[in-house]
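Number of protein chains: 2
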Amino acid sequence: MRLTSRRLADGREILFFDRDEAPERVSEDRRDLAPVRTTSEIRYDVLADEWVAVTAHRQTRTHLPPADECPLCPSTPAFLTEIPEPDYDVVVFENRFPSFATTVPDVSGDAGDPLFARRPARGRCEVVCFSSDHSGSFADLPVEHARLVVDAWAQRTQALSALDEVEQVFCFENRGPEIGVTLHHPHGQIYAYPFVTPMTRRMLDSARRHRERTGGNLFAEVLAAELRAQTRVVWQSTHWAGFVPAAARWPVEVHLYPRRQVADLSELDDAERDDLAASYVQVLRGLDALFGVPLPYIAGWYQAPVRGDRDLAWLHLRLVSIRRAPDKLKYLAGSESAMGAFINDITPEDMAGRVRAAIGSTPLG
Amino acid sequence: MRLTSRRLADGREILFFDRDEAPERVSEDRRDLAPVRTTSEIRYDVLADEWVAVTAHRQTRTHLPPADECPLCPSTPAFLTEIPEPDYDVVVFENRFPSFATTVPDVSGDAGDPLFARRPARGRCEVVCFSSDHSGSFADLPVEHARLVVDAWAQRTQALSALDEVEQVFCFENRGPEIGVTLHHPHGQIYAYPFVTPMTRRMLDSARRHRERTGGNLFAEVLAAELRAQTRVVWQSTHWAGFVPAAARWPVEVHLYPRRQVADLSELDDAERDDLAASYVQVLRGLDALFGVPLPYIAGWYQAPVRGDRDLAWLHLRLVSIRRAPDKLKYLAGSESAMGAFINDITPEDMAGRVRAAIGSTPLG
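Protein chains in written order, with the numbering used here: chain A, 2 to 366; chain B, 2 to 366.
Only chain A is shown next, with the shape it has when bound in the complex (with noise of 0.2 Å):
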């Protein structure tokens, strides 16, 4: 893998992670772009006890344009977009329109009442593009390419984490335009949050708990309770393993951990990495075969906070779908939105048995 990093034309960072036989990356980003001002800030909810952020500069971002105008395809003569180059392999660059930035300017206003908290949002949200093929999709990478996109995860992982501002780094890829996906070239993101996420705590303030109790790790045991019971149980390879969870709230979901305990990205080694991108691949052309129709997901991955708990967490990945039939979507209302109690109309046992046959219909070629 070769790394290269660049600046476009507003300053903004852009990375291409390539093959070693790649053409050098030197284009220059010909655009006339106005500098980015974001002035965000995340406020404190002092009932529910989580940051919450406020990024009223976001409402005029790209909103699913013409495939002949994405702005996430190689440029052309004719069409400069994002990626100065005439192609790329990995590439992943600052977004236009962050949640979080580092420039973000001091808070102003009524910051002071303890009850109304506010800081400014820093952080940094970044793009990353798994492919130059518009049309594909991330179930459609060879597992070659895919390693680079593990790769350009990790290498972001660390990177971001030697931010002072940052207390967590977040990969993820929202995928179609039923949760409101606004470009479809195949992309994810990475959020770097000034906090530490309402999920991840409660998740390590459980796994505190259960350490101080017993003594061991709760990922470790809740890894190898599904692996004993079985049931649940979709993907295993020899550095990874899959399962839909006992208490799953949504009506796919499936979760990919790692054999051994590691606290982020950065921490996979060569043979678990090239694992992953395999083990991936293959899990996500089983997702596509499920229902017949490309699946809508969001994919997560859970990583440690940079300061802290790093002992506590497990790396992994969650995987879930709001799609509960061929022509049927959950959607979250009242009970889930407002009261946090999640209904899944899909038993994890059965979903596991049709994830399971799925990924074995699809093999890789």
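If you are wondering where the hints come from, they were derived from the structure by calculation, not from laboratory data. Mixed in with the good hints there might be a few duds.
Identical copies go unnamed one by one, so any copy, or any two together, can satisfy a pair.
Unchecked claim - When the alpha-carbon atoms are kept at most 20 Å apart in a straight line, the in silico SDA-like pairs for lysine to any residue are as follows:
hint : residue 1 : residue 2
1    : K329      : V294
2    : K329      : V182
3    : K329      : P178
4    : K329      : E179
5    : K329      : F98
6    : K329      : T348
7    : K329      : P67
8    : K329      : R355
9    : K329      : G177
10   : K329      : A49
11   : K329      : A359
With the hints as your guide, set chain B onto chain A.
Frame of chain A, contents of chain B only:
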């Protein structure tokens, strides 16, 4: 208000909340209905420390029927519905496809492993028909009629709280196909949960810590601070106050508090109920005017648990919407759904100003 309790053909309870002058509700349900069999369970997510309901029998529930087959309209000789009467004011009945029911049998299977704890999903789910008019909405109700709905919510909260299985009662309305509503007839639901919901637990944990530290009630202080700041207040009447919270998660989010601390709807007195009916209809009319299209929303009553923490809690309504522009929706994608970290594209102060203006432009006739 006159309350009549009857039974449907399959044994489910139906309750009529009528004006005093309404005809007696004595019609028999003449449908041939098989008894409802509910086998749902709740499963403990040991990592998130939350219960999730698994309700496999609900996949076949009624999905957007044509208007002349609406199960929530009054019955006609040609079409028998869930309501055997030729008309009604406000009616509540047990859901035929419930997530929770008192009749759920014991759980079998691997319920013994503490990592996979499971319990029968005992509780109750009810449907609340706001009006017999299929094409109306809550915002269209005359205030006296809305008061009947308030009385129905209050009576059901009291009655369901008396069930041994029930730990929290949640009255809510999902409105609009944008959030997956499967029946257009104006109606809400009531979930009587066998656990205290995750969101309520988090808020009460914060309130408990605040009381231990300061002796004060956190909800009282938030309400007082919003009224002092005024920048986000959208409604004030004798007994109620409404505001967009400082850390709003959703593009549209309005919290409506009684000025007096009460634990749940059943504790509201007559004057507070009258004021609520008028205030809520007025706020809803304003919200429908906000984008020039009927607002899809989730409106839910945050009530104290049945047992315990009733002095810490403060009854309030939260209405949230995923609409962020006349032609754009907010989707809960990676950051919100996976990490619980909300990103709001509209500042709460800006939205409060727009809601205030919209309410001012739609005075009650």
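Status of P67 relative to K329 across identical chains (alpha carbons, at most 20 Å): Only across copies: K329 and P67 sit 17 Å apart there, 27 Å inside one copy, limit 20 Å.
Alpha-carbon proximity context of K329 and G177, limit 20 Å: Result: close both inside a copy and across copies, 14 Å intra and 16 Å inter.
Up to 20 Å CA-CA - E179 versus K329, copy category: Classified as both: same-chain Cα gap 11 Å, cross-chain 13 Å, threshold 20 Å.
Within, between, both or neither: K329, V294 at alpha-carbon 20 Å: within (12 Å within a copy, 25 Å between copies)
Homomeric proximity label, K329 with T348: Cα distance no greater than 20 Å: within (16 Å within a copy, 33 Å between copies)
Within, between, both or neither: K329, F98 at alpha-carbon 20 Å: Classified as between: cross-chain Cα gap 17 Å, same-chain 32 Å, threshold 20 Å.
Alpha-carbon proximity context of K329 and A359, limit 20 Å: within (19 Å within a copy, 34 Å between copies)
Within, between, both or neither, where K329 and R355 count as close if Cα-Cα is 20 Å or less: Cα proximity of K329 and R355: one copy only (17 Å, versus 34 Å across).
Identical-chain pair category, K329 with V182, by Cα at 20 Å: So K329 and V182 pass the 20 Å test inside a copy (18 Å) and across (12 Å) alike.
Intra- versus inter-subunit Cα pairing at 20 Å for K329 with P178: The answer is both: 14 Å in one copy and 13 Å across copies each meet 20 Å.
Intra- versus inter-subunit Cα pairing at 20 Å for K329 with A49: This pair counts as neither: shortest intra-copy Cα distance 32 Å, inter-copy 27 Å.
Consistency note: the structure conflicts with earlier hint 10 alone.
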